[in-house]
Each structure stands twice: as structure tokens, then as C-alpha cells.
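**Q** Sequence:
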Amino acid sequence: MDNSIVPAHLAVKAMRDNGYKNAAYAIAELIDNSIQHGATKVELLCAEIDVQINLRNVTRVNQIGILDNGSGMTSEVLRMALQFGNGTHLEASNQKGIGKFGMGLPSSSISQAKKVEVWTWQNGIETAVYSYLDIDAIIDQTLKEVPVPVNKAIPDLWKTAGKAFGNSGTLVVWSNIDRCIWKTANAIIENSEFLIGRMYRKFIQNGKVDIKMVAFKESNPSAYTKVHNAKANDPIYLMEDTSTPEPFDKKAMFDKWGGDSFEVKFDINHNAGTHQVVLRFTIAKLEAREGHNPGAKPHGKHAGKNIGVSVVRAERELDLDQAWVVQYDPRERWWGVEIEFPPALDEIFGVTNNKQFANNFSELGKIDLEELTAGGKTITQVREELEEENDPKALLIEITQKINSQLSAIRDVIRTQKLNEDRQSKTRHTTSTTSAERIATEATNERIEQGHTGTSDEQEKKSEEEKKAEITKTLENEGVTNVAEVVDWLFKNNLKYSFVDAEFESSAFFSVKSKGGKIIISLNTSHPAYHKLVEVLDETTEGSTQEELEGRLKNASEGLKLLLMAWARYEDEQPDGKLKTSAQESRQDWGRIARQFLQED
Numbered sequence: 154m155d156n157s158i159v160p161a162h163l164a165v166k167a168m169r170d171n172g173y174k175n176a177a178y179a180i181a182e183l184i185d186n187s188i189q190h191g192a193t194k195v196e197l198l199c200a201e202i203d204v205q206i207n208l209r210n211v212t213r214v215n216q217i218g219i220l221d222n223g224s225g226m227t228s229e230v231l232r233m234a235l236q237f238g239n240g241t242h243l244e245a246s247n248q249k250g251i252g253k254f255g256m257g258l259p260s261s262s263i264s265q266a267k268k269v270e271v272w273t274w275q276n277g278i279e280t281a282v283y284s285y286l287d288i289d290a291i292i293d294q295t296l297k298e299v300p301v302p303v304n305k306a307i308p309d310l311w312k313t314a315g316k317a318f319g320n321s322g323t324l325v326v327w328s329n330i331d332r333c334i335w336k337t338a339n340a341i342i343e344n345s346e347f348l349i350g351r352m353y354r355k356f357i358q359n360g361k362v363d364i365k366m367v368a369f370k371e372s373n374p375s376a377y378t379k380v381h382n383a384k385a386n387d388p389i390y391l392m393e394d395t396s397t398p399e400p401f402d403k404k405a406m407f408d409k410w411g412g413d414s415f416e417v418k419f420d421i422n423h424n425a426g427t428h429q430v431v432l433r434f435t436i437a438k439l440e441a442r443e444g445h446n447p448g449a450k451p452h453g454k455h456a457g458k459n460i461g462v463s464v465v466r467a468e469r470e471l472d473l474d475q476a477w478v479v480q481y482d483p484r485e486r487w488w489g490v491e492i493e494f495p496p497a498l499d500e501i502f503g504v505t506n507n508k509q510f511a512n513n514f515s516e517l518g519k520i521d522l523e524e525l526t527a528g529g530k531t532i533t534q535v536r537e538e539l540e541e542e543n544d545p546k547a548l549l550i551e552i553t554q555k556i557n558s559q560l561s562a563i564r565d566v567i568r569t570q571k572l573n574e575d576r577q578s579k580t581r582h583t584t585s586t587t588s589a590e591r592i593a594t595e596a597t598n599e600r601i602e603q604g605h606t607g608t609s610d611e612q613e614k615k616s617e618e619e620k621k622a623e624i625t626k627t628l629e630n631e632g633v634t635n636v637a638e639v640v641d642w643l644f645k646n647n648l649k650y651s652f653v654d655a656e657f658e659s660s661a662f663f664s665v666k667s668k669g670g671k672i673i674i675s676l677n678t679s680h681p682a683y684h685k686l687v688e689v690l691d692e693t694t695e696g697s698t699q700e701e702l703e704g705r706l707k708n709a710s711e712g713l714k715l716l717l718m719a720w721a722r723y724e725d726e727q728p729d730g731k732l733k734t735s736a737q738e739s740r741q742d743w744g745r746i747a748r749q750f751l752q753e754d
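Okay, so the sequence shown: first residue is 154 according to my numbering, each after it adds one.
Worth double-checking, as some hints may not be accurate.
[To be verified] For each label pair, taking beta carbons as the anchor points, the in silico distance ranges come out as:
#1 Lys615 / Leu706: 34 to 44 Å
#2 Lys519 / Arg722: 23 to 33 Å
#3 Glu700 / Ser372: 38 to 48 Å
Just so you know, these hints were derived from the structure itself, not from any lab. Computed from a prediction, not measured in an experiment: that's the story for all the values here. Where a beta carbon is used, it is the ideal one built from N, C-alpha and C, also for glycine.
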């Protein structure tokens with residue numbers, strides 16, 4: 154009878170479900186070990202065989218190897234490395250690199266395969282020592298401890314396929330692969346390349362490590378069927394010579410937000426030490442966003458896969474955190490944020506043992522700081538309250554506030570850039586026979602026939618030249634860039650109304666000017682209602698996902714309800730008497746005209 158607190162043969166089954174998102178993240182754990190041991194070359198070796206499935210011959214990955222030219226391990230360290238929860242980086246004082254909890258090698262391996270074998274050497278490959286883990290043997294209790302390492306020759310298959318063998322190094326081989334969702338070498342390499350290039354971008358870009366991914370048939374390991382050198386994948390798009398498609402493969406696609414002062418640094422005191430956290434902010438260059446539907450272009454699609462805040466620990470990315478992203482808005486791909494911190498702050502950031510998440514940091518991305526500061530509380534007070542509860546997130550509050558404020562400013566600039574482009578591309582001015590402007594014009598003509606006249610109607614008596622000159626001057630004063638186009642559109646289609654976008658210092662959502670016999674409605678791009686309603690609905694839907702479209706409609710619906718509730722509150726705050734009666738009558742009068750306009754549609 155096994156009286157262990159956690160019987161190994163049962164625990165190992167649960168350990169297979171250890172939270173690795175996919176094979177690429179599990180492979181990354183092994184690359185971590187390679188870099189930690191000083192490797193300058195790492196190879197992902199995918200060995201394939203031909204199998205018959207439903208009377209059809211197909212190619213499948215049979216074994217996966219990770220080879221490096223690092224410092225290798227002694228027999229004692231190898232045996233320790235294959236133990237769950239053991240290793241040489243358990244103490245905080247040893248956690249200075251990308252290693253962490255001593256779970257990486259066994260946990261990542263069994264998440265994908267039933268057997269993992271390790272050869273490691275420190276003085277030529279002929280001195281290699283070997284040990285292994287076999288899930289089936291552990292479950293049937295024929296393997297109860299990590300086998301003592303023994304001298305064992307590296308199989309010819311790997312000596313032929315691998316090119317990174319050095320005087321020292323390590324080879325990890327997975328076999329009996331049963332949990333990898335990608336069945337072919339091509340799928341494994343393509344899906345891993347994007348992620349690994351992003352995770353290790355700083356190591357790749359600085360020339361610290363070369364990561365090669367190759368595929369070959371076990372029957373002919375000297376002939377590669379696929380070879381890829383991982384290129385840096387920079388989610389803040391400042392690096393050159395990256396995996397970003399042309400024309401941004403050789404040049405940066407984003408600019409530093411704030412110029413050379415784009416880095417924002419915070420000193421955090423923790424465990425009797427001071428540790429630095431660095432924030433970096435970027436924004437897409439105009440040339441990356443210009444033209445029709447830039448998000449559907451190759452470089453736009455690339456950016457669409459890199460949305461989020463890049464969380465970097467010891468130069469290695471842990472996660473691309475989506476908690477800070479407005480999910481329905483495709484423009485989120487045009488900003489970049491990177492946060493970098495040392496391993497000494499793992500507890501503060503909430504780094505998981507598989508190095509895939511920083512949970513405490515991510516939770517703050519989902520929190521509304523305005524709610525935390527409700528009732529007049531300052532950020533400092535909120536932080537002090539969290540500190541009293543020994544909440545590690547207390548030290549991250551100011552960083553969270555900075556990210557939110559900078560993202561808000563960056564998003565405003567991106568919106569403005571889009572508006573300027575829309576003004577030049579006739580987005581709002583169309584000759585469509587179903588346009589709202591045409592419907593309103595016809596309804597207005599009916600009201601004039603019914604005896605309802607306005608200021609603009611009196612101006613119709615002026616000559617067309619006078620009216621055009623008056624409207625032109627008004628639009629120029631509003632800062633409209635495509636004035637001639639708007640004026641021509643109004644008179645060519647004999648319309649009464651025109652919408653223009655303008656940024657003006659006012660609490661009003663829109664302004665109304667009667668000029669040249671027309672009614673010019675200027676929408677205030679600085680007003681929140683513009684972003685909630687007009688902008689989110691006007692932007693092209695081409696290239697948008699179903700989720701993005703549904704999110705935009707929901708946002709617009711909420712914006713409309715908030716506008717109506719704001720009016721309701723305005724009425725409610727009026728004192729009983731003439732002011733309240735006037736507000737109620739204005740609402741009713743507007744409602745009558747609105748009903749007539751909408752009935753025309």
C-alpha cells in the first residue's frame with residue numbers, strides 16, 4: 154500500500170494537464186533551459202515518419218528533439234532536473250535568469266509526450282550521460298524514481314540531423330507524442346516560429362542565441378524537408394530585420410511614443426531590495442495605417458496577432474496580456490506597450506510556475522481605476538489600503554495608472570489620424586439615394602410647405618456664389634480639410650444638411666450653424682459620444698470579425714442609452730417651474746420633428 158501524500162503514479166496523470174497553452178509554450182520551456190545554460194545555438198528537430206490512416210499514407214511527427222550547445226549538466230544536476238519541483242533555481246538568490254521553479258523540463262515534456270529522454274555532456278559528446286522519464290512506467294509503478302544517469306551514446310539519428318553539437322550541450326528528446334495538437338512538422342514549426350520569435354526577440358536581435366527549426370524524415374535525417382531560422386517578432390515594432398512582412402521587415406513599423414523619452418521607469422522596493430520596472434510605449438507610423446483597410450494587409454494582419462501588453466521578464470516574454478485591450482476595436486493593433494521587470498519581482502507580478510502569465514498584473518488590467526478611486530480616494534490611498542491587506546498588487550497600482558493614461562492618449566491620436574484620412578476620402582459625403590441627409594432634406598421641405606420656416610430658409614434668397622462663399626468660410630473656421638468637396642456635394646445633390654467632424658473646446662456633442670441656406674452640423678470629435686456612437690459605427694466593417702462587429706454595436710447601443718440618460722438627468726436637475734417646463738417642451742418639440750424625419754426613412 155502506498156501511503157505517500159501524493160502517490161507518484163496518480164500525481165503524474167494530473168501533472169500532464171499543467172496549463173501549457175500548446176506545444177510551442179512547452180518547447181519554449183526547453184529553450185529557456187538552453188539559454189539559462191549559456192547556449193548560443195538551439196535547434197528544434199522534428200523527426201517525421203510515414204503512417205497509414207484510413208488506407209491513406211500521411212506524414213506524422215514521431216519524435217521532437219531540442220539540441221543546444223550550452224554548458225551541459227553533471228549527472229547530479231541532470232537527475233535533479235528530471236524531478237518535479239527540483240532544480241538549481243529554487244532559491245530567490247538564484248533566480249536571476251529566465252529559469253524559475255525547477256518544473257520546466259519534466260512538466261513541459263509530459264504535457265506533450267509520454268516519454269522524455271535527456272543526453273547531456275560537458276567534455277565532448279562521447280562523454281554524454283543519459284536519463285529519462287516514462288509516463289507509462291511511472292503509472293504502472295515500474296519506474297518509481299528518476300533513473301541514475303549513465304553513459305550512453307547519442308543515437309545516430311540525432312547526430313546526423315543536429316548541427317549545433319558542441320564540446321558541451323544537451324539533447325532532449327520527446328517520443329510517444331500523444332498530446333501535441335499539431336501532427337506534422339510543418340504545423341509545429343509554423344505555429345512555434347511566431348511565438349518563439351516573440352518570446353526570445355531580445356536574445357535573437359542581440360545575437361545572443363540563434364534558434365533554428367528543422368524537419369526531416371527519420372529514414373533520411375541528413376535531408377531537411379523544412380528549415381527556418383527564427384526571426385525576432387517585436388510586438389512593439391521598433392526592431393529592424395524581423396518577421397514583420399514587407400515593407401516593415403527591414404525597418405520599424407512603429408514610432409516611440411514620446412520620442413527618446415518613451416521609456417517610463419519605476420523603482421519598486423521589495424524584499425530589502427530596489428528593483429526597476431520599465432514601461433515602453435509605441436504607436437504605428439502613419440505609413441503603416443494609410444490606405445484602404447490597412448488591417449487587412451500583410452503587415453496589418455501581423456500586428457493583429459500581436460495585440461496586447463507584452464510582459465517581459467529577464468528579457469524573455471511571458472505573455473502578451475489581452476486584459477488591456479478593447480477587444481472589439483481593430484485599431485488596437487496600432488499601439489504597442491512593453492513592461493519589463495526582473496525575476497526578483499515574480500511575487501509582485503504573480504508569475505506562474507510555467508512562466509506563461511503574470512496574474513497580478515493581468516488582474517489590474519481588468520480593474521476600472523475610476524471605481525477604485527470612487528468617493529474621492531486618491532491612487533495613493535488605494536495603494537495604502539491594498540498594502541494594509543498585504544496585497545502584492547499595491548506596488549503595481551501606479552504602473553497600471555500610467556499604462557491606462559498613456560493608452561488613452563495614444564488611442565486618441567490614432568482616432569484623430571483616422572478622422573483626418575476619412576475627411577480626405579469622402580467617407581461622410583456620398584450621393585447615395587438612401588442617405589440620412591437626403592431623407593432629412595425631404596422632410597424639411599415638407600415642413601416648409603406646412604408653414605414651418607427656419608433661419609436657413611431665409612438665406613436661400615442669396616445667390617449661389619454668396620451661399621457657397623458663406624459655407625466655405627464657415628467650414629474653414631471649423632478646421633474642415635476637404636471644404637471644396639463638402640460644398641460641391643451639398644449643392645450638386647441639392648441637400649439641406651451636412652455633417653462635418655471638428656474638434657472644439659465645448660461640452661456640447663455637436664454645434665448647429667445655419668449658413669448659405671444650409672444647416673451645418675459639426676460633430677465634436679473631443680466629446681465621448683463621438684467615440685461611442687459616430688466613430689464606432691462609421692468606420693469600415695471590412696476585415697472585422699463577428700466579435701468585433703458585435704462589440705461595436707453593443708458599444709454604440711450603450712452610447713445612445715447614456716446620451717438619453719444624460720438628457721433625463723438634465724431634466725431632473727431643473728428646478729420646478731419655467732426651466733423644467735422649457736426642457737420638457739424642448740424634448741417634445743424635438744421628438745415631433747424627429748418622428749417626422751424618421752418616418753421618411
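**Q** Each of the hints needs a verdict: does it hold here or not?
**A** Here is what the structure says about each hint:
1. Between Lys615 and Leu706, the C-beta spacing of about 42 Å keeps the proposed range 34 to 44 Å intact.
2. Distance hint check: the CB atoms of Lys519 and Arg722 are about 28 Å apart, consistent with the given range 23 to 33 Å.
3. Taken as a hint, the range 38 to 48 Å holds for the pair Glu700 and Ser372, whose Cβ atoms sit roughly 45 Å apart.
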